[in-house]
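J.: Single-letter residue listing:
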Amino acid sequence: MVMTDDVRRILGHYDGDTPGTRSNLARLLMAGRLGGSGKLLILPVDQGFEHGPARSFAINPDAYDPHYHFRLAIDAGLSAFAAPLGLLEAGAARFAGEIPLILKLNSANSLARERHAATQAVTASVDDALRLGCAAIGFTIYPGSDAAMPMFEQLARLAHEAKAKGLAVVVWSYPRGGALSAAGETAIDVVAYGAHIACLLGAHIVKVKLPSEHIEQDEARQAYVEARIDIGSLAKRVAHVVQSCFNGRRIVIFSGGAAKQDPALLYDEVRAIRDGGGSGSIIGRNSFRRPRPQALEMLDTIVAILLGKI
Amino acid sequence: MVMTDDVRRILGHYDGDTPGTRSNLARLLMAGRLGGSGKLLILPVDQGFEHGPARSFAINPDAYDPHYHFRLAIDAGLSAFAAPLGLLEAGAARFAGEIPLILKLNSANSLARERHAATQAVTASVDDALRLGCAAIGFTIYPGSDAAMPMFEQLARLAHEAKAKGLAVVVWSYPRGGALSAAGETAIDVVAYGAHIACLLGAHIVKVKLPSEHIEQDEARQAYVEARIDIGSLAKRVAHVVQSCFNGRRIVIFSGGAAKQDPALLYDEVRAIRDGGGSGSIIGRNSFRRPRPQALEMLDTIVAILLGKI
Amino acid sequence: MVMTDDVRRILGHYDGDTPGTRSNLARLLMAGRLGGSGKLLILPVDQGFEHGPARSFAINPDAYDPHYHFRLAIDAGLSAFAAPLGLLEAGAARFAGEIPLILKLNSANSLARERHAATQAVTASVDDALRLGCAAIGFTIYPGSDAAMPMFEQLARLAHEAKAKGLAVVVWSYPRGGALSAAGETAIDVVAYGAHIACLLGAHIVKVKLPSEHIEQDEARQAYVEARIDIGSLAKRVAHVVQSCFNGRRIVIFSGGAAKQDPALLYDEVRAIRDGGGSGSIIGRNSFRRPRPQALEMLDTIVAILLGKI
Amino acid sequence: MVMTDDVRRILGHYDGDTPGTRSNLARLLMAGRLGGSGKLLILPVDQGFEHGPARSFAINPDAYDPHYHFRLAIDAGLSAFAAPLGLLEAGAARFAGEIPLILKLNSANSLARERHAATQAVTASVDDALRLGCAAIGFTIYPGSDAAMPMFEQLARLAHEAKAKGLAVVVWSYPRGGALSAAGETAIDVVAYGAHIACLLGAHIVKVKLPSEHIEQDEARQAYVEARIDIGSLAKRVAHVVQSCFNGRRIVIFSGGAAKQDPALLYDEVRAIRDGGGSGSIIGRNSFRRPRPQALEMLDTIVAILLGKI
Amino acid sequence: MVMTDDVRRILGHYDGDTPGTRSNLARLLMAGRLGGSGKLLILPVDQGFEHGPARSFAINPDAYDPHYHFRLAIDAGLSAFAAPLGLLEAGAARFAGEIPLILKLNSANSLARERHAATQAVTASVDDALRLGCAAIGFTIYPGSDAAMPMFEQLARLAHEAKAKGLAVVVWSYPRGGALSAAGETAIDVVAYGAHIACLLGAHIVKVKLPSEHIEQDEARQAYVEARIDIGSLAKRVAHVVQSCFNGRRIVIFSGGAAKQDPALLYDEVRAIRDGGGSGSIIGRNSFRRPRPQALEMLDTIVAILLGKI
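Chains A, B, C, D and E are the protein sequences, given in the same order. If you count the first sequence from 1, position 111 lands on 110 in numbering that gives the first Met the number 0, and the numbers rise without skipping. If you count the second sequence from 1, position 290 lands on 289 in numbering that gives the first Met the number 0, and the numbers rise without skipping. If you count the third sequence from 1, position 193 lands on 192 in numbering that gives the first Met the number 0, and the numbers rise without skipping. If you count the fourth sequence from 1, position 135 lands on 134 in numbering that gives the first Met the number 0, and the numbers rise without skipping. If you count the fifth sequence from 1, position 8 lands on 7 in numbering that gives the first Met the number 0, and the numbers rise without skipping.
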């Protein structure tokens, strides 16, 4: 594995971390077809936990099988595969070493009553990640929610342990709940704030939703107006989020949003991520809810976009 | 103990587990008259905790004695005997090595006021299971209930410890409470979702109730209709649950439901489990609330059904 | 200490326990004037915690002194002395080895407001019991109360530790609170259920109140009627509770109830305990609230009854 | 340090404790001008935590300096100095070995809203006490309050640790809150009950407020009437509290009550403590809120009273 | 590093601490242009956590980059740089040894709903501080708030650990919430009380807001009047706070208050801090929200004021 200058530059931002953690960040950045480019494309499969198996997999029944997702991620040449404990346990031995794994340590579900769905259950441990040969742990926080404080504290403990054991830390930062409006959950000020909090909590890689033009907090609006921050295009908003992540010293990736019929819409988003300086995408249901040939074609196109070829 | 190909194939699904855990799964799969067939038939006795001793045993007073249950399970050639701490302590030494044991780590009771009965007390530990020579721990979760999150987290911690100590993990997944209707607790979408969650939480063996044709969640109904999932027969529904458990990569067994006068009803259910690809049954009160000769005869018939002989 | 066949048979019921724990059970069963008979008579002094010193001891001021109780239990030839931490600390060295001790690990008090009195505080540890040379720990649970779940979990942890350290576990099982009526607290179905739960939680010795003829739970009533359980005399009810404790595989002892002027009433109860197959009595305020000579005479009579001499 | 018979007799009451703890009790009983008499006079300075610095020290500004209190206690020949963590840290090195120290492990404050003031924060640890060379830990409980149960459990854990590490345990037992009336907090039955609970929780030294003639609990009143307990004088009430502390087997000391202009009132109280068999006094604001010469004179008089000289 | 007499005198106040902790206090007191003077000037950057990145940095976009703050603090010759985990991780390796670091262990945020904002999340550990080469931990308490008790207990545990590991402890004491009025949060009695509590909790360095003339608590007002405490000027109020911190035996520093256009207002405050005997200032947004040249000039002036040159 010959390290590229792009990756070496990025790893330089993590000079406070141990060689173990930096090696695992390097594994993620050097894997798959984007390896060495400094870009990341990740397959996450936790939708079965969040929405149940039928809503996730019935449309493409092969996807009931954990091996399907491992193979899809490997064959598409992705950077990593992220999933909850049981799903990784079902394939980590068979596909050992073929793709970097991220163990998602907490999960939500939609069987729970609304007010109990305001948080996530911690369903696995850092030692589980080591046992399964993972490169990183994944953890979701809900900034703004009434459960945010305990979630931050859980993350702080788990991230500390992960770093001490040489793993990387990927944080899904999804503001929601509390005083936030529905539109506020993807407002540019809120997404940027949530991304910044993830960085302050010690995330190596931050995962957020693509931000809208909406500004949620009055105090923030004033700052956006006074400083004349340009949020008029998706690429500009991506750039603002990247700036909010220690001015680009932390890797930020963006989710593909709702399931989409037309992949062209997705390609436009990925171009905006690339043009705004984002580090890549994380694409779940848009991958595994399509037939495998279409999914592979779509992922192939996204790789090409991230590499700046199209 | 000459391993059969059926069991070897099933153990292959657990290639991410330690030799210790796989040995204990093998113990369960190679024990009794179903040994080697890949099927399981388990006797659980926790009804005394849930409903009290008189409602459980007065009808067949011999069953007040823990040894009665050990002997019944052994003489019927079952795969395992599952019970709470005290009950196993009372016979584990006397019957050491005669049948695999599953220590049930949490229990509910019906003395508690309704709202306090929404969860279960953790009444034993993984180390208790080791001390008593058990092959597995058993743990109940209530997906959908207001206590689901802490129950998932308890299971995550106990399952991690059990695996590290070479035990297998059996999860009773009983959706209930919260926003679920009474009918929803056995709705096909809810049972499949609950089984899937158990798999994601790292269960080796999942135990659910037999699902009805009812669909509880509106979002799920759409998926069932669109994907034309056939849930018109019990066997089809069993097959759907098996599919929801990592497409058959995890063992799923089904409970015998309410106490039944006529064993023929039970036999029909077991045939549906077998025909749908389920891995077997767990039959408590339908066993120990009958006189021993009748119970042995009934269990003998069920073994024959599971073996495909009748 | 020459072991009797009666005690050997009882110890046989605990064959799943370590030699350490069985030795301590043997200490209890071989101590005092009932030593070797398989019967137990225990002096508990936690009334000062529950009702305060004046209500407990002012009637017999010598009883303010912890040594008074040690001497009373020793001179009466009892099986054990049970008390909270401080009281044992005040005499355990002076009377070391003269009588088996049971450290009561949790306690209630009547200064607390009603709703806070629904549980007990854990005021000592298993290591305290070892330090003081005790043979057993004692722990109270309130099945049915809103605090029952955490109490069961506390007991599970403490009992596990006690067994690992070679001590015996005595559980005071007092159903109360929650949905139970006042009469329900001593209803035959509830007392039997509470005793059964204590056994399932791993108690070696269960202590309950004497049950009344009342049946509290409707579902249970049906079982009593259908199975024609005879609860028409106190001795029959004692026998039913003994049966509910693993058909006699666990030791059950009964409390003496409210303070009584006339000891004859107490003697009748003890005869019923004996005739129903109960293992003995635990008598607190009926002992130490009488002048010492009368208390010794009363305890002497009870010993004779338990030995079947009168 | 030549041990006196009085102290040897008192230490005999603690024969269940380790040599380490007994040595520290001896340090307290042999220190200062009361050394060897079996009496104790302690300076506590936690008023700054409870009422703030201005209300505590502005009247005598020298008292803002922690060294002032160390010097006052040493120069007055007191038995010990008790204070929270920071205050001891500021002088423990400078005055090492000059006077026994008691580290107060929990504290209340009057900035908190009423209902949050129902408990105290645990602000230091047993290891802090060891690090600072203390002879004992101090801990306040509020029997009767809604926070009493967790306070008892905290004390149980800390006392266990302190004893295992050779320290003595001093418990401030202040009934309050819950169902108690304001007058009830110093009612004779309540003070005696609170003192008894402290003993049962394993305190070596109990500190209570001087009791009034009021009886708070109806059930208790009956016991006082029936047993004709004499509570007609302060000395009699002190004697009753001493009796409630294991009939004198535990050291009980009394607080000086509200700030007093006229020291003569204080002297009368101390005489009652002495005549009732109390082991001494703990006097805070009555000491440090007077000018140093007056404080020394007052403490000198109290020592003389406790020694029976005046 | 030749120690000055001023610093040696201050370190003398910490004679109860380990050589490790005293070395780290010395690092803080000997660093930068104030090194050796006994004064401190600290740059804290946690505003991004509290108010989000746009409100904090958009006005001076260079400040999005963590390295900007490290360089500003180093180039201005400050005593220390304080920030949350992620921000320090992003520069601690690059700037290792160039300036003492303080790891802020807890943080608030303004995305949370009001009632959830009454506390702070603990987002890092003492071991994180060691790993990053910090000289001290920082921790915020809210005396008076409904969350004060658990915050005090968290601080107690973390401070104990920090001291055991040779670090210094800096406490931000910000009374707020509970029964306090808005004006009360900076009332002289409340600020002095909050500072005193921080000292009692074992802080080495206390950080408070500049107090107003307002007196919040009626009981306190009486003490201020009776003792004729002069709070008529800011310098006098600073002196009163210093007195409340163990009569100057603990270092107290003051925050710069709200963002100010005119630095002259800030200079007046710093002069009052100096004249009142305060140990220095902590200035965040007033530093990094100005362009770097102006910030450097302002900090240069403040240093000169603290050194008594202007």
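Mixed in with the good hints there might be a few duds.
[Said to hold, decoys possible] Each pair of labels, with its calculated beta carbon distance range:
1) D:Asp4 x C:Arg7: 31 to 37 Å
2) D:Asp4 x C:Asp4: 50 to 56 Å
3) D:Asp14 x E:Asp229: 55 to 61 Å
4) A:His66 x C:Ser22: 29 to 35 Å
5) E:Asp5 x A:Ala226: 49 to 55 Å
Simulated from the structure, these hints should not be mistaken for laboratory data. Yeah, the Cβ is synthetic: ideal placement off N, Cα and C, and Gly gets one too.
J.: How does the Cβ-Cβ distance of histidine 66 of chain A and serine 22 of chain C compare with 29 to 35 Å: does it lie in that range?
T.: violated (55 Å)
J.: State, for the Cβ atoms of aspartate 4 of chain D and arginine 7 of chain C, whether the hinted interval 31 to 37 Å holds or is violated.
T.: With a Cβ separation near 51 Å, aspartate 4 of chain D and arginine 7 of chain C fall outside 31 to 37 Å, so the hint is violated.
J.: State, for the Cβ atoms of aspartate 5 of chain E and alanine 226 of chain A, whether the hinted interval 49 to 55 Å holds or is violated.
T.: violated (43 Å)
J.: Quick check on a hinted range of 55 to 61 Å for aspartate 14 of chain D and aspartate 229 of chain E, using CB atoms only.
T.: holds (58 Å)
J.: Quick one: are aspartate 4 of chain D and aspartate 4 of chain C within 50 to 56 Å, going by C-beta?
T.: Distance hint for aspartate 4 of chain D, aspartate 4 of chain C holds at roughly 53 Å.
Of the numbered hints stated above, those contradicted by the structure are hints 1, 4, 5, listed in ascending order.
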